[in-house]
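Visitor: Starting from two chains that each stand alone, build the complex the way the hints lay out.
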Amino acid sequence: QQNVQQSPESLIVPEGARTSLNCTFSDSASQYFWWYRQHSGKAPKALMSIFSNGEKEEGRFTIHLNKASLHFSLHIRDSQPSDSALYLCAVRNRGSALGRLHFGAGTQLIVIP
Amino acid sequence: GGIITQTPKFLIGQEGQKLTLKCQQNFNHDTMYWYRQDSGKGLRLIYYSITENDLQKGDLSEGYDASREKKSSFSLTVTSAQKNEMAVFLCASSLQGAPGNTLYFGEGSRLIVV
Numbered sequence: 244q245q246n247v248q249q250s251p252e253s254l255i256v257p258e259g260a261r262t263s264l265n266c267t268f269s270d271s272a273s274q275y276f277w278w279y280r281q282h283s284g285k286a287p288k289a290l291m292s293i294f295s296n297g298e299k300e301e302g303r304f305t306i307h308l309n310k311a312s313l314h315f316s317l318h319i320r321d322s323q324p325s326d327s328a329l330y331l332c333a334v335r336n337r338g339s340a341l342g343r344l345h346f347g348a349g350t351q352l353i354v355i356p
Numbered sequence: 034g035g036i037i038t039q040t041p042k043f044l045i046g047q048e049g050q051k052l053t054l055k056c057q058q059n060f061n062h063d064t065m066y067w068y069r070q071d072s073g074k075g076l077r078l079i080y081y082s083i084t085e086n087d088l089q090k091g092d093l094s095e096g097y098d099a100s101r102e103k104k105s106s107f108s109l110t111v112t113s114a115q116k117n118e119m120a121v122f123l124c125a126s127s128l129q130g131a132p133g134n135t136l137y138f139g140e141g142s143r144l145i146v147v
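Taken in order, these protein sequences are the chains called A and B. When you line the first sequence up against our numbering, it's residues 244 to 356, in that order. When you line the second sequence up against our numbering, it's residues 34 to 147, in that order.
Chain B on its own, in the form it takes in the complex (with noise of 0.2 Å):
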């Protein structure tokens, strides 16, 4: 079985500051995503990739940018802080090419701006 490794655990910063989470998988996997997960409100996908170099936005994909520089990693970048923004982020990633591939989840980073 594969992991998926989500960095750092709990991050802090300031309103307006440029914060930045990484994700490893070692499932081979060809497509990864991030997904924030805020109370209430399920889960809503920010950016999704299915290849190196390769960038899609999803639903909530404003404020923030993502970075695949290699097929094993993913990182999203939060271009300016809010308040309004804390929530845990999710990484995942699945096989590409049939829609019945199930999507395996890290264990989150928690945004948290003060």
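For reference, chain A alone in the conformation it holds in the complex (with noise of 0.2 Å):
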């Protein structure tokens, strides 16, 4: 059974800094990792994802995957108070090609003006 974790729970940060966001997983076999953003009283939506290991970057943000450590992560760069929200990563196991996604408890981001 796939068990996420997410860290930290809560972050709050001044405008324009470095956010780092963790997530770890304990199934080797998983395959597909995402992270959603989710703003209050919002649909979730799926912000990044990636599926091989090492690093991609879209904009401010990038997402870093580790499978040996059973690792991914977020970093958004010059944060915003518009990325205020809370942030879910999901995992997907190999094989599981019926789309059920593993998600975590969530870290709740604020940025301070």
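Don't take each hint at face value.
Claimed, not checked - Quick list of the computed label-pair ranges, beta carbon to beta carbon: (1) His318(A) / Ser113(B): 22 to 32 Å; (2) Arg303(A) / Ser113(B): 18 to 28 Å; (3) Glu298(A) / Asn117(B): 38 to 48 Å; (4) Asp71(B) / Phe294(A): 26 to 36 Å.
Don't read these hints as lab results, they were simulated from the structure. Every residue, glycine too, gets a C-beta built ideally from N, C-alpha and C.
Guide: Written as structure tokens, this is what we have:
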């Protein structure tokens, strides 16, 4: 059974800071990894995904994956107040073609102007 | 782009009552899901469906029923509402067939049990 853990639970940073969010998973067969972002009262939306070891950058956001360490992370450069949201990491196992995702409990990020 | 519509946004019921949440999607996606979101516990899968009239249990299916009447709609019924069940219920959909497919979510329905 997949166990997905996120840290920290919450984070308060000043505008312009670099922010790092962490996610660990337990199943070494995991192959597909997402970060979702959920603004208060809104739908979670996929922010970034990564399917192979290494790093992927999209604008101010960078995702790192290290499968051997069972760890992936999201880094936000020049954090903005609009980045304030709940960040959820999600993992899908190899062969799970039916789309079943396992989610972490989330990190609540607050960016102070 | 498409949209997922969940109704009602707030559902208030009495303890022991049977309550139903509805979800519609216009993405033409094959697979639909119901997740429960509790504060501090992330999203937990209740039921999912890979096609019309198909139902698959998730990790939290006890106390719930689901129905996939047609490709675009997926309903979730709380069979006997309990106060410890107050949470946000999220509907999602995705294309079938590739594990890299992203899930798209609705804004959620909040269940309040009095």
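Visitor: Determine for every hint whether it applies to the structure shown.
Guide: Results for each hint:
1. Here the CB-CB span from His318(A) to Ser113(B) is close to 45 Å, at odds with the stated 22 to 32 Å.
2. Checked against the given bound of 18 to 28 Å, the beta carbons of Arg303(A) and Ser113(B), roughly 47 Å apart, lie outside it.
3. With their beta carbons about 42 Å apart, Glu298(A) and Asn117(B) fall inside the hinted range of 38 to 48 Å.
4. About 29 Å separates the C-beta atoms of Asp71(B) and Phe294(A), a value consistent with the hinted range of 26 to 36 Å.
The structure is inconsistent with the numbered hints 1, 2, although it conforms to all the rest.
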